[in-house]
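Single-letter residue listing:
Protein chains: 2
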Amino acid sequence: MPKHNKLIVLTNPKLTEVAEVIEKALAQRKTLIVSGMCKVLYSGRAKSTLEPGERILIIKEDGSLLVHRPVGYEPVNWQPSGSVFHVHTKANTIEVHAVRQKPRENVRVIFSQVLMISALSLDDAGEFSLHASERDMHMAILRKPSLLEDGFTPISYEKKVEPGFVDVYGVDKSGKLVVVEVKRKTAGREAVLQLSKYINAIKSKADRELRGVLVAPSIRKDVQRLLETLGLEFKSLDPKKCAKVLKKDQNAKLETYFKEDN
Amino acid sequence: MPKHNKLIVLTNPKLTEVAEVIEKALAQRKTLIVSGMCKVLYSGRAKSTLEPGERILIIKEDGSLLVHRPVGYEPVNWQPSGSVFHVHTKANTIEVHAVRQKPRENVRVIFSQVLMISALSLDDAGEFSLHASERDMHMAILRKPSLLEDGFTPISYEKKVEPGFVDVYGVDKSGKLVVVEVKRKTAGREAVLQLSKYINAIKSKADRELRGVLVAPSIRKDVQRLLETLGLEFKSLDPKKCAKVLKKDQNAKLETYFKEDN
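As given, the protein sequences belong to chains F and V, one line each in that order. So in numbering that gives the first Met the number 0, spot 28 of the first sequence is number 27, and the numbers just go up one at a time. So in numbering that gives the first Met the number 0, spot 243 of the second sequence is number 242, and the numbers just go up one at a time.
Because the hints were derived from the structure by calculation, they are not lab data. Some hints here could point you the wrong way.
As the list claims (entries may be wrong) - Rough simulated footprint, nothing fancy, chain V against chain F, three-plus residues with beta-carbon under 8 Å:
no.: 1; stretch: 8 to 20
no.: 2; stretch: 52 to 61
no.: 3; stretch: 77 to 87
Idealized CB from N, CA, C, for every residue including glycine.
Based on the sequences and whatever the hints tell you, model everything.
See the structure below:
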């Protein structure tokens with residue numbers, strides 16, 4: 000086996016071969032994928048036992064560990080990065096023991112048979128970026144109204160108000176009506192005038208005090224005074240933050256799993 | 000390629016071979032592992048882009064999907080079970096498109112090069128069980144005192160009180176002292192008498208009302224009356240529930256990730 004192969008794959012290997020690949024991969028900080036029949040024991044803040052079955056073990060170059068069953072998107076066992084590994088070869092098994100120091104936690108994956116083992120040198124510098132559309136920003140405010148301000152209660156969104164549609168419409172903590180106009184980029188003159196038109200259209204029919212809030216990641220300096228003159232307000236909101244709120248919501252089930260079932 | 004291989008592995012395959020393996024694996028509900036250079040696009044409640052890099056794609060037999068980078072124990076993208084897949088072969092890429100219907104979410108993994116692809120028929124019926132020791136149960140009550148009762152505030156644990164050590168010691172919402180004795184199995188006569196001894200030892204020194212609570216998954220019927228005669232209480236608590244509380248705590252970082260960063 001060359002010292003720094005980009006890729007090593009063995010199918011139906013002997014356990015002695017498995018041990019060799021695992022030890023080299025750990026030493027060289029490669030990513031390891033091992034699939035086969037294993038039992039998994041966890042001890043730390045609690046204890047768990049996973050009886051034998053065929054699963055996928057992944058050990059990443061940073062020492063994080065995942066054990067995946069053939070169904071479900073959640074790992075059944077895992078360790079965060081920084082785990083220290085010990086490999087024990089016994090008569091008919093190989094034990095991969097991952098130790099986390101603080102808090103002290105142990106995951107032991109004991110293979111009795113390996114279908115496939117792969118050690119990979121993965122090169123991954125690609126940037127991850129999260130975006131939100133204007134409509135995503137509306138949705139985020141509806142889901143988490145405190146993004147606008149504490150005590151805000153949305154009543155409707157995309158409400159038809161000639162000359163168009165109000166993005167988000169609600170009531171503040173003191174009972175005033177709030178008309179919200181959302182932009183996903185720096186707000187300019189047009190956004191301010193648009194909000195002002197909605198306010199004027201609603202003012203005639205509203206029975207209580209009315210506030211207009213322009214929501215955007217930033218506002219152009221030269222229109223800040225126009226905004227104030229028209230009696231409107233500006234609230235800075237990052238679309239990325241909205242994207243996170245929506246993703247959080249999406250992950251409700253995943254979070255519940257991690258809280259309740261593992 | 001035989002129709003129902005237990006294991007298919009190709010290294011440095013052509014993209015046409017990759018497409019063939021993926022399509023067969025999806026049709027036969029096998030578990031797929033694909034490692035190679037890919038870009039990942041997500042759209043749904045928000046949008047994200049992961050620029051090209053070498054990663055591991057896992058598609059499980061239930062249609063769940065995970066994309067793992069070579070570091071970190073969290074997937075960078077995922078879909079829950081029940082996703083529907085489309086494979087698009089283009090000139091120099093293969094796109095695996097996972098669609099979740101409700102809410103509508105799309106993950107597109109676009110490979111430009113594949114290092115290794117494996118399709119596996121994994122057989123996993125092993126039971127997963129979570130355990131907690133008596134000490135784990137103490138810890139769980141300290142971390143989440145409402146496991147005992149609402150308004151309970153622990154003061155100390157394993158407190159020395161002749162003739163031994165009180166498991167958990169605290170104050171209830173009305174200010175009464177509470178002595179807690181924990182058993183991880185059905186509580187019998189001995190547990191009741193042990194708690195009674197602690198209560199008697201403390202009573203002489205305590206300046207306020209004292210309650211004794213025996214905590215266990217269940218209590219033997221024939222000692223229920225003894226418990227009441229001695230003025231003690233019983234609170235049913237499942238060690239498994241305690242294990243979950245402790246694991247939840249362990250997963251704080253993981254939860255935070257899923258809430259905030261993806």
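Cross-check of the supplied hints:
1. Coverage of a stretch by a chain is defined here by at least three residues with a beta carbon nearer than 8 Å to that chain's beta carbons; for the stretch 8 to 20 of chain F and chain V the count is 3, and the condition holds.
2. Interface restraint, the stretch 52 to 61 of chain F with chain V: holds (8 residues with C-beta to C-beta distance below 8 Å; minimum three).
3. By the rule of at least three residues with a Cβ nearer than 8 Å to a Cβ of chain V, the coverage given for the stretch 77 to 87 of chain F holds, with 4 such residues.
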